[in-house]
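Fit chain Y to the known structure of chain V by using the hints.
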Amino acid sequence: MVNMLSIKNLHAGIEEKNILKGLDLTINPGEVHAIMGPNGAGKSTLGYVLSGRDGYEVTEGEATLNGQDLLDMEIEERAVAGLFLAFQYPVEIPGVSNMVFMKESVNAARIARGQEEYTAGEFLKLAKEACKQVQLPLDFLKRGVNEGFSGGEKKRNEIMQMILLQPSICFLDETDSGLDVDALKTVADGVNSQRSPERSFVVVTHYQRLLDYIKPDFVHILADGKIIKSGDASLALKIENEGYGFLGLNYVEEKA
Amino acid sequence: MTDEIDQALDKKYEAGFVTDIESDTFEPGLNESVIRRLSKLKNDPEWLLEWRLSAYNTWLKMEMPDWANLGIDEIDYQAISYYSAPKSMKDKPQSLDEVDPELIRTYEKLGIPLHEQERLAGVAVDIVFDSVSVVTTFRDKLAEAGVIFCPISEAIEKYPDMVKKYLGSVVPRGDNFFSALNSAMFTDGSFVYIPKGVKCPMELSTYFRINELNTGQFERTLIIADEGSELSYLEGCTAPQRDENQLHAAVVELVALDDSKIKYSTVQNWYPGDENGKGGIYNFVTKRGIAHTNSRISWTQVETGSAVTWKYPSCILKGDNSVGEFYSVALTRGCQQADTGTKMIHLGKNTRSTIIAKGISAGRSNNAYRGLVKMGPKAENARNFTECDSLLIGDKCGAHTYPYIESRNPTAIVEHEATTSKVSDEQMFLCQQRGLDPEKAVSMIVNGFCKEVFKELPMEFAVEAGKLLEISLEGSVG
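In the order they appear, the protein sequences are chains V and Y.
Using my numbering, the final residue of the first sequence is 313, and nothing's skipped along the way.
Using my numbering, the final residue of the second sequence is 555, and nothing's skipped along the way.
What the hints contain is simulated information worked out from the structure, not anything from laboratory work.
All residues carry an ideal CB built from backbone N, CA and C; glycine is no exception.
Any given hint might turn out to be false.
[What the hints assert, rightly or not] In silico lysine to aspartate or glutamate, EDC-like type, Cα no more than 20 Å apart, as pairs:
#1 426/Y to 492/Y
#2 242/Y to 252/Y
#3 211/V to 503/Y
#4 517/Y to 134/V
#5 138/Y to 121/Y
#6 517/Y to 196/V
#7 532/Y to 196/V
#8 528/Y to 149/V
#9 517/Y to 174/V
#10 517/Y to 161/V
#11 544/Y to 161/V
#12 532/Y to 204/V
#13 528/Y to 161/V
#14 499/Y to 111/V
#15 420/Y to 483/Y
#16 517/Y to 131/V
#17 499/Y to 149/V
#18 528/Y to 204/V
#19 138/Y to 127/Y
#20 211/V to 502/Y
#21 499/Y to 204/V
#22 241/Y to 121/Y
#23 517/Y to 111/V
#24 528/Y to 196/V
[Stated by the list, open to error] Simulated DEER-style distance windows between Cβ atoms:
#25 495/Y to 289/V: 50 to 58 Å
#26 497/Y to 146/V: 17 to 25 Å
#27 143/Y to 125/V: 54 to 62 Å
#28 79/V to 514/Y: 30 to 38 Å
#29 144/Y to 183/V: 50 to 58 Å
Isolated chain V, as found in the complex:
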């Protein structure tokens, strides 16, 4: 079986600063992996490097998605190949309606897969359902992308996009940050509804709390650009109780 996402000895950074220093990670279809770790460890960088953001340079190692060389693809090619990044701080695109934005996105993926584009009518139906699922009022479909949304609304909007795009691997970058308990639950429900034997998740978080709602199969500790410990859900609990101290990490805050 081909691993869904396979990362081997990945070294990468930005502006000549090394951030990832030999990261290995293998994710199989249907698995949920949580990544925790101190600030500045490279958690967000991993998301950006995998999705191909400008400015991030890979100096060594490899990453494949369903057997395809991810690092050789353009940003949008990685996206239509099934990689989805839920942003920590989703940006606003004034004047571009959520509906138009998502329809174009979904259709770009459909074209890449050789499927028929959705008509406006077909898509509207799907979008309404997704909107309800993340408990956003329907007028959010008409509003500009993230335009004037609260922090929580932006995160729900990210999950709505994920639901509509049906990616094969979802990288959630601190999707729980800034959410109150109710919003957290809504977002987690959205994610859980998308769990399937074919779809995998990487959940980056600082807090065990999220993992009460999204049960991970594996928990990894990322520190100084490498995964230094992996375990099951109990590892997250241990960190919640003891901090990162037991791993010998007490130098990390200055790197934030």
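Relative to chain V, chain Y alone:
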């Protein structure tokens, strides 16, 4: 990203073909005898010849304005031909069947079928090719409603009193260098009269095309909305791709009598020149409307073409409670230069004006908004709101804003908001991460930026404007 933008700033101009048609064209040059010759050819009445000559004499004493933020090589006004018409137009065709098929094909290529049955439902169109009006559609249907829509040369013949009364009443002959030139040499254009209380049953539209080499286009549009009437008017423009600069100096006058409404929309796509700034249209246009009591004039423009744009559609809010609006999108790329904006002259009480101007600059282009808001001493409780936003694509282009405010009435309120932003890397990344290619991403972000203006355009035009923007931005990112 910037390098990629530069590399790829190479867009195709789809309207750049030349129509191979025999034309009667004046020798280049401008003097009194050229004016007399034109006047005779057009069968001008005596007063109009005098009018032209007086404008010419005023023009001779004027100098080309140099206050705009434009770098233009000196224009040799003696090297331009001031009149060109397809030979087949000599014996005025009475119906479309008599129009040269080559001309009809030209417009079909531009996506403007002239046969009425093929037209978009509800749009009547007047076609101006070089210096003459080729055809005006739906005239019978308009006549039923009492609406006059015809070439201005025909109006001069058939409705001389009306033309004499209003021609030059909004834009006087000596108003500026280009209006004086136009007044001396205008060759054709459109004339519209909407009778009292009539809501024009369809959109009216003029399509301007410059074809002939070294020829200037000097057309004149006069629109009169009588008391309580309403009208929506569209204007579109294209020209072939040529290495030489061509001159377009038009005058548009709007007269909105009491309680009337005029909405004037333009999609300007003259040939912008190549990526190094060779060729393209010099677009020097004077557009102005006068708004009487309780009337409303609304200008909407989408400017994507021309090497140089110098254009300030304005409103004189003469009557109490009159309203002026200006909605503009100006996109410049390559080496294009635009200095465009509006003037809102508030004279009457409770007059209101709104200005929404969106400038988008890419490549090495320069884009300036220049606007005047003037509150006269009698403009009690007049209000203006101006919003002026610039969007930059890449790091070699320029955006400038020159707002002028003069208020002589303490009760008048003037508000001005301005922003400058860039298409941000974060926005691009979000779009691409969701599967959109960079061109699609830019065009979507730019369309969003222009939304407030596009929603003011008539439906078919809004779609066209969106598409035009997409084509214009093609290749603006790598």
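Against the structure, the hints:
no., hint, result
1, 426/Y to 492/Y, "17 Å, holds"
2, 242/Y to 252/Y, "17 Å, holds"
3, 211/V to 503/Y, "15 Å, holds"
4, 517/Y to 134/V, "14 Å, holds"
5, 138/Y to 121/Y, "25 Å, violated"
6, 517/Y to 196/V, "24 Å, violated"
7, 532/Y to 196/V, "18 Å, holds"
8, 528/Y to 149/V, "15 Å, holds"
9, 517/Y to 174/V, "16 Å, holds"
10, 517/Y to 161/V, "9 Å, holds"
11, 544/Y to 161/V, "15 Å, holds"
12, 532/Y to 204/V, "18 Å, holds"
13, 528/Y to 161/V, "17 Å, holds"
14, 499/Y to 111/V, "17 Å, holds"
15, 420/Y to 483/Y, "11 Å, holds"
16, 517/Y to 131/V, "14 Å, holds"
17, 499/Y to 149/V, "13 Å, holds"
18, 528/Y to 204/V, "14 Å, holds"
19, 138/Y to 127/Y, "17 Å, holds"
20, 211/V to 502/Y, "19 Å, holds"
21, 499/Y to 204/V, "16 Å, holds"
22, 241/Y to 121/Y, "12 Å, holds"
23, 517/Y to 111/V, "17 Å, holds"
24, 528/Y to 196/V, "17 Å, holds"
25, 495/Y to 289/V: 50 to 58 Å, "56 Å, holds"
26, 497/Y to 146/V: 17 to 25 Å, "22 Å, holds"
27, 143/Y to 125/V: 54 to 62 Å, "59 Å, holds"
28, 79/V to 514/Y: 30 to 38 Å, "33 Å, holds"
29, 144/Y to 183/V: 50 to 58 Å, "55 Å, holds"
Of the hints listed earlier, those the structure fails to meet are numbers 5, 6, in rising order.
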